[in-house]
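**Student:** The lines below spell out each chain.
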Amino acid sequence: MKPDFTNTQLLTQYLDGELTPESAGQLQQRINTDKDLEEELENLKISLEAVKSFGLRGRVSAIHTGMMKEVQQQTLPKKGKIRNLTWYSLRIAAAVLIIAGSAIFYQYITLSSTSLYEKNFSSYTLHENRGADNKSVLQAAYESANYTAAINSFEKTPIKNTQDYFLAGNAYLYLDKPSDAIQCFLAIQQLNNQQQTHQYTDDAEYYLAMSYLKNNEPAKALLLFEQIHTDKNHLYNSKVSSWFLQKIKWVK
Amino acid sequence: MEIAGNYGDEELLRNIKSGTNLDDVIRQLYRANFLKTSIYIKQNSGNQEDAEDIFQEAIVNFIQLVQKDKFRGDCSTGTFIYTLVRHAWLNELKKNKRAKFREEKYESGKNLSEPDVSKYMIDMESKSLIAKLIESLGETCRKILTAFYYDNLSMQEILLNLDYENEQVVRNKKYKCLQKLQENLASNPGLAKTLKSILLYET
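Residue numbers (the numbering used here), protein chains in the order written: chain R, 2 to 253; chain V, 1314 to 1516.
These are computed hints drawn from the structure, not numbers from a lab. Hints may contain errors.
[Said to hold, decoys possible] Derived BS3-like pairs (lysine-lysine); straight-line CA-CA distance at most 30 Å:
1) V:1493 <-> R:53
2) V:1506 <-> R:221
3) V:1383 <-> R:46
4) V:1407 <-> V:1349
5) R:253 <-> R:161
6) V:1506 <-> V:1330
7) R:53 <-> V:1408
8) V:1445 <-> R:70
9) R:36 <-> V:1349
10) R:178 <-> R:221
11) V:1506 <-> R:53
12) V:1445 <-> R:233
13) R:233 <-> R:221
14) R:36 <-> V:1445
15) R:161 <-> R:221
16) V:1408 <-> V:1456
17) V:1456 <-> R:70
18) R:36 <-> V:1489
19) V:1349 <-> R:250
20) R:70 <-> V:1489
21) V:1456 <-> V:1330
22) V:1489 <-> R:46
23) R:46 <-> V:1440
24) V:1486 <-> R:46
25) R:53 <-> V:1489
26) V:1445 <-> V:1408
What you are looking at is a predicted structure, and each value in this text was computed from that prediction instead of being measured.
Model the full structure from these sequences, guided by the hints.
**Tutor:** Written out as structure tokens, the structure reads:
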């Protein structure tokens, strides 16, 4: 038997709770005895549940799209970490480069021929085997760091040997007279050339170069230092690094 | 109780029953459970689309079960949803004949403490059955019925969104829409029986 669709309104009101308790009771009695009405009510209940379910699906579906984007971002932590790590490493590298660059730039702008001399000069110390028994006044004055006395003695010495020139050259450097020091070290080279000797050759060459630096003649100093740097057997080879040469080039 | 996201399980279930902050609850269920269930589906012949479809249905099913007092927190929501998804996916595999031995594999890999959700089996076809049924009514009916029965809007509120003369006209339209739904079900007892099982969890 076909359900009576005219009852739809009444049954709907019943399910929606819009009937008075009295009307609801009367309808319930009818439902209990009328199978068609009971079936109609059952289908109506299913219909309302279908509507609710349809609404809930729509709601979940609306949220679903947004959540998939969020979840996809969650599933990319490794990629993110790699990028972050790379970015972090790049930042560290950049920082190191900036610091290193800044240090180099600072050195560059504060660098001068004289400052290079000051930072790299080390005093010459006489060895005991060099005239220990017949120590000259010049030598004694030099050893006692009395450089003025050493120069006085040097100037009064009528016949000067390579050692005299060498000690005097160093004494002049201490007394901030690099041009006089230069003359002394050049004199050693002349003497050695004339006498075909090799006394204080490496020492004189190194301290002559240092004297040029102090005298603000870096180009002349660079020529000598490059020779020393190239000559692995030179006594002062280890004192002349590539970096030191680079710095001289900057101030040249 | 397992705590998933911002709400503890008890609060989450209370919110579902009362419909409070339901959007937040749904988002929390996604955050806490989607990845785990999608891994399971992808490891068992499924793809991303399968994982999303099954999970959506599981969430709908879970909310309906809570609202009908069929789930009262006997196990954690996470465990329950995961089990719903596993059952649903197994069901899909069976139907699609994609895995002859999936059931055996499933049984061997199943956690003994899993709840029995077989009576709440999600059938992916139910989604399309319900959608077809409601959409066959037309846009106006769909809007009126979902606004009244799902969004719980009053007739006055519904009237504001629809081009009708007064509330009574909307009310009459609602009755007509429901009558049409009844006609469809009355003329198709098989569909009515299936939907009763799916929606009221009664066989």
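**Student:** Please name the hints from earlier in the document that this structure breaks, with their numbers sorted from lowest to highest.
**Tutor:** Of the numbered hints given earlier, those the structure breaks are 2, 5, 9, 12, 16, 19 and 20, listed in rising order.
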